[in-house]
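A.B. asks: Residue strings, one per chain:
Number of protein chains: 2
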Amino acid sequence: MANNAAANELSDKLASQKLKEEDDQVVNPWTVTAKDGGKIDYDKLIDKFGCQRLDQTLIDRIHRLTGRTPHVFLRRGVFFAHRDLNDILDAYEKGEKFYLYTGRGPSSEALHLGHLVPFMFTKYLQDAFKVPLVIQLTDDEKCMWKNISVEESQRLARENAKDIIACGFDVTRTFIFSDFDYVGGEFYKNMVRIAKCVTYNKVVGIFGFSGEDHIGKISFPPVQAAPSFPNSFPHLFKDKKNLRCLIPCAIDQDPYFRMTRDVAPRLGHHKPALIESSFFPSLQGESGKMSASDPNSAIYVTDTGNIIKKKINKYAFSGGQDSIEKHRELGANLEVDIPFKYLCFFLDDDDELEEIRQKYGKGEMLTGEVKMKLTQVLTEMVERHRFARAAVTDEMVDAFMAVRPLPNMFD
Amino acid sequence: MANNAAANELSDKLASQKLKEEDDQVVNPWTVTAKDGGKIDYDKLIDKFGCQRLDQTLIDRIHRLTGRTPHVFLRRGVFFAHRDLNDILDAYEKGEKFYLYTGRGPSSEALHLGHLVPFMFTKYLQDAFKVPLVIQLTDDEKCMWKNISVEESQRLARENAKDIIACGFDVTRTFIFSDFDYVGGEFYKNMVRIAKCVTYNKVVGIFGFSGEDHIGKISFPPVQAAPSFPNSFPHLFKDKKNLRCLIPCAIDQDPYFRMTRDVAPRLGHHKPALIESSFFPSLQGESGKMSASDPNSAIYVTDTGNIIKKKINKYAFSGGQDSIEKHRELGANLEVDIPFKYLCFFLDDDDELEEIRQKYGKGEMLTGEVKMKLTQVLTEMVERHRFARAAVTDEMVDAFMAVRPLPNMFD
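Line order of the protein sequences matches chains L and W.
Numbering (my numbering) for the first sequence: 1 to 411.
Numbering (my numbering) for the second sequence: 1 to 411.
Simulated from the structure, these hints should not be mistaken for lab results.
Treat the hints loosely; a few may be bogus.
It does not matter which identical chain is meant; a pair holds if it fits inside one copy or across any two.
List of simulated lysine to aspartate or glutamate pairs, EDC-like, C-alpha gap at most 20 Å [as the list claims (entries may be wrong)]:
#1 Lys241 - Glu151
#2 Lys202 - Asp398
#3 Lys44 - Glu152
#4 Lys341 - Glu364
#5 Lys202 - Glu212
This is chain L alone, in the form it adopts within the complex (with noise of 0.2 Å):
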């Protein structure tokens, strides 16, 4: 324990240090990029950041411990690294409940499949272990970085909920909270109490401000970090102010936690444990995240069945060969197929996975074949998510937003 503790520490600190020019690949909340366009090597992200692999003996006591199958993303390795993750199911093990926090920064209105995973992901835990759950909205950071108004970063992070309920969370066991809405009281107080631990060398080492950065980027850290405190929720934790806290997230927030695992223990709390994805990758391939800015780079919530089955047919990247006769002697190449890729996420049946993969392979079936699966599964989810997001009325949005305590937190 004492050991683990302290090459947390290490690790956390080594991975502090400053992103270098020379580095080959970027990864932080605002750039993700690999060198030359090449893949984001998850390896080196490990070893850089300082985080741990998330592996089957992990799985499987998650299994144990719940009673469930893991979720795809876990037996896929979507979600393929942590922090601490062994210590918060320790203490579950024990008896000991945490809480959930996760959250969305409220850039765009519609939002595209690899918006969904860490949302779809996180309420297979909350389900999984029963435990409460609170979403930021950063509707304050998007207004920032984004240079759109107070008033309309508002409305997406209410459109946005929108989606995030329509994923099925549970309304007693979920809080939903904009910034711009519930920054104040204590979360305000731990805002300050987080800043005060944190120098400007400190941010521009994590996060590579620059002088020219306006002081509102370098305020808002804190505000992000401030979640991973129960005592930032009075009316949830108001007695439990030593519940964990397990943070799913796409691994390019890793720096918004690193920083918070360094400062928590200063006040007094547990660090936030993470359980973090890889990206998911656009349907051009895999080098980066999508872009929002490319309305053929993803595939959205509110694309339909015919612009589906265009987009996977027209842009998702083939690793298939180039004539027929090539492709049944030599196989997909399933390494860059982004097909069979988006079905590694989203096809919940292993088997009919496993065939594919063999046979694809082998060259078996064909790109268009495998096309046309992926158009019917992701059709088939769109629908259903489309179908739950017009059930959400604004009075649900208002009740999982309201502040208020949560009933049925850890039944």
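With chain L's structure known, arrange chain W on it following the hints.
C.D. replies: Structure of chain W alone, referenced to chain L:
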């Protein structure tokens, strides 16, 4: 909002704000220092900051517009500089009201006379112009700069609020708030809007922060700027988004409001106007530092008559001559005489002050006599304050700090 003495307490610790070799004086919210322990040169300060001198024409105009004798602090040049006071008076003359904004950084339990100066003057302005007033208690700032806990900062804010209320403010026109209580909602939105407009390089230029400073310090200037804009207070100024703001403060706060004025037009607000005071000198003289660690450098509102008498007799720096004979011959040097300077602040009667100026200056009065007069004036003033403060109940503090409309704002 730090004023002079509170700022002095902090100055030693802030390596980043050291007096630069080429500067002969440094005045900012945390440091007030002249080279070689000399006096602050206020003319140079006006030049450097780019504010205007508050001249007799303006004082006469205030007299005419309010129908009241201008406050001693105006007649005697304690408030000596301004920004855009003309604009406020032009608008006022046309029937357009404004609101007052001042504040205090609650760093100590007992206030000294220097702390009362801005509040005594603000009360006069409120009465004379019949305008609403917001008073910000920057408990967040003090928590961050002085390394005291959130809870202790909040306690000090409430204690200080009692002393402020004891200055006689009208509860129907005055809203007192602590940042820890009030930051959030529209106020937080303005903090974000302001922060977006100010780069890190800019705050370094204005405040002299360094990379070793924590990000709480860098985040704070928008907190002090926000009350300058009426939409930070929807419960007060919901329908008065164009209301002008006048800020009475010590001139060490000018940097905050230079920044605020810079930002104001970009956010669609009037630049706040300022009316700025010189610093209240310590008992040891104008080059001496008032410091919390030396209770004999200042007279506190908690000092008894005996303590006041002793402090004045023992510590008040005298401009009188070494021997009675020499004093009768040369008279006192009023430029450095603290008892006389204190009388200039607190002896209301212009004729009596003029008489003392003449007689003491010519050697007809002795230091002992002037000190006796000052003891009498301050004892009365402090006892009056203590009496008023004892009558301030917790219910009254709650009433002033309640988030509410002000029923009597402009009558």
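A.B. asks: If a hint holds in the structure, say so; if it does not, say that too.
C.D. replies: Cross-check of the supplied hints:
1. Lys241 - Glu151: Answer is between: at 16 Å across copies they meet the 20 Å cutoff, but 34 Å inside does not.
2. Lys202 - Asp398: Neither way: Lys202 and Asp398 sit 38 Å apart in one copy and 40 Å across, limit 20 Å.
3. Lys44 - Glu152: neither (38 Å within a copy, 46 Å between copies)
4. Lys341 - Glu364: within (18 Å within a copy, 98 Å between copies)
5. Lys202 - Glu212: For Lys202 and Glu212, both the intra-copy (16 Å) and inter-copy (8 Å) Cα distances are at most 20 Å.
In this structure, the hints that do not hold are numbers 2, 3, in rising order.
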